[in-house]
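As you go down the protein sequences, you meet chains A and B in turn.
Each residue of the first sequence is one higher than the one before, counting from 144 in the UniProt record's numbering.
Each residue of the second sequence is one higher than the one before, counting from 144 in the UniProt record's numbering.
A hint or two may mislead.
Just some of the chain A residues that point at chain B, by a computed CB distance under 10 angstroms [said to hold, decoys possible]:
id	residue
1	Ile230
2	Arg234
3	Pro235
4	Leu236
5	Ile240
6	Thr261
7	Thr265
8	Pro266
9	Val271
10	Gly278
11	Glu291
12	Ala295
13	Phe301
Per the computed footprint, the stretches of chain B lying under chain A, defined by three or more beta-carbons under 8 angstroms from a beta-carbon of chain A, are [as the list claims (entries may be wrong)]:
id	region
14	205-211
15	236-242
16	261-275
Now the in silico label distances, taken between C-beta atoms and shown as ranges [stated by the list, open to error]:
id	chain 1	residue 1	chain 2	residue 2	range
17	A	Ala285	B	Glu280	17 to 27 angstroms
18	B	Asp241	A	Asn174	48 to 58 angstroms
19	A	Glu198	B	Glu205	56 to 66 angstroms
20	B	Leu293	A	Thr244	20 to 30 angstroms
21	A	Thr292	B	Pro294	28 to 38 angstroms
22	B	Glu205	A	Ile240	38 to 48 angstroms
23	B	Glu205	A	Phe301	31 to 41 angstroms
Hints are computed from structural coordinates only; laboratory data are not their basis.
Yeah, the Cβ is synthetic: ideal placement off N, Cα and C, and Gly gets one too.
Now for the letters of each chain:
Protein chains: 2
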Amino acid sequence: ACRLPGYASHQVGVAEELTNVISDCWFQTLNAWKFPGGLSELGENIATAVREVQEETGVCSEFLSLLSVRQQHDQPGAFGASDLYLICRLRPLTYSIDFCTEECLRCDWLPIAELARTEETTPITSRVARLLLYGLERGWGAVDLPMETLPAVHSGRFYQLYHRGLPLA
Amino acid sequence: ACRLPGYASHQVGVAEELTNVISDCWFQTLNAWKFPGGLSELGENIATAVREVQEETGVCSEFLSLLSVRQQHDQPGAFGASDLYLICRLRPLTYSIDFCTEECLRCDWLPIAELARTEETTPITSRVARLLLYGLERGWGAVDLPMETLPAVHSGRFYQLYHRGLPLA
């Protein structure tokens with residue numbers, strides 16, 4: 144279940160939030176809670192999030208929305224290229240945890256409020272936990288970027304587009 | 144000014160909206176208005192948008208916010224990898240147009256309402272024009288994903304993070 148990317152310049156990794164309670168990992172190098180996530184494989188899309196959650200935690204889930212985009216440059220392991228990470232909100236379909244011991248030391252469901260409060264985490268995890276708390280209080284429409292599929296006129300292919308919700312035309 | 148990417152798996156192209164009026168191109172293959180944009184070079188970040196607008200249109204601008212993320216798979220020219228495109232909102236600093244004739248046949252400032260209405264465009268351009276109209280009517284806070292810089296705890300490096308605005312902590 145633990146893997147190296149076969150091919151990447153801009154890596155698209157995906158982390159996930161699970162509604163109400165959150166599946167997290169306690170990493171050896173950090174001693175910090177963070178969301179499960181990892182790199183897309185070639186041709187993979189946002190479904191990466193669902194696969195990575197299952198591989199790292201054993202939890203099955205489905206995609207709900209995009210929450211945030213993270214960009215970092217000159218990251219170790221990114222082969223000198225910049226790193227683009229999509230942070231998604233997922234709905235859990237199962238709850239029992241069977242985690243990848245090569246990737247993390249602990250894995251558990253945490254209340255979002257606890258994750259937003261703890262100092263045993265990274266600045267970005269903390270920020271996303273606050274974003275989730277805000278969504279819980281104000282409705283997910285305040286934080287979600289829904290996914291829509293639109294046609295590419297010249298090729299007959301389709302795009303996935305994420306942006307703030309619009310009122311119906 | 145016209146270029147092929149030297150290295151790419153996930154391409155990060157960037158298109159832009161310019162507040163109130165929009166700089167657009169009429170492409171030979173499409174006969175359609177679309178936003179200027181192109182591929183990031185290695186190590187480049189969101190500043191790609193500013194560079195590409197200047198190369199394609201001659202207009203100088205500065206970054207304001209991220210508006211949308213587009214993902215497409217198996218795109219021609221993407222070397223078999225999926226394609227990730229960040230759509231940004233920019234503020235123009237200059238207005239006179241000097242466009243790249245290898246990349247487009249026409250280039251002009253269009254009122255956003257006209258771009259949202261015309262059929263001589265692509266579905267995604269049309270959609271982003273509607274998103275901009277909504278931002279003009281309701282305030283940019285309704286559509287913007289502001290950029291913030293957060294520290295990476297383990298490396299001393301920094302991330303750029305984009306998500307819906309949060310109330311002050």
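Violations among the numbered hints, reported as their numbers in ascending order: 2, 3, 4, 5, 6, 15, 19
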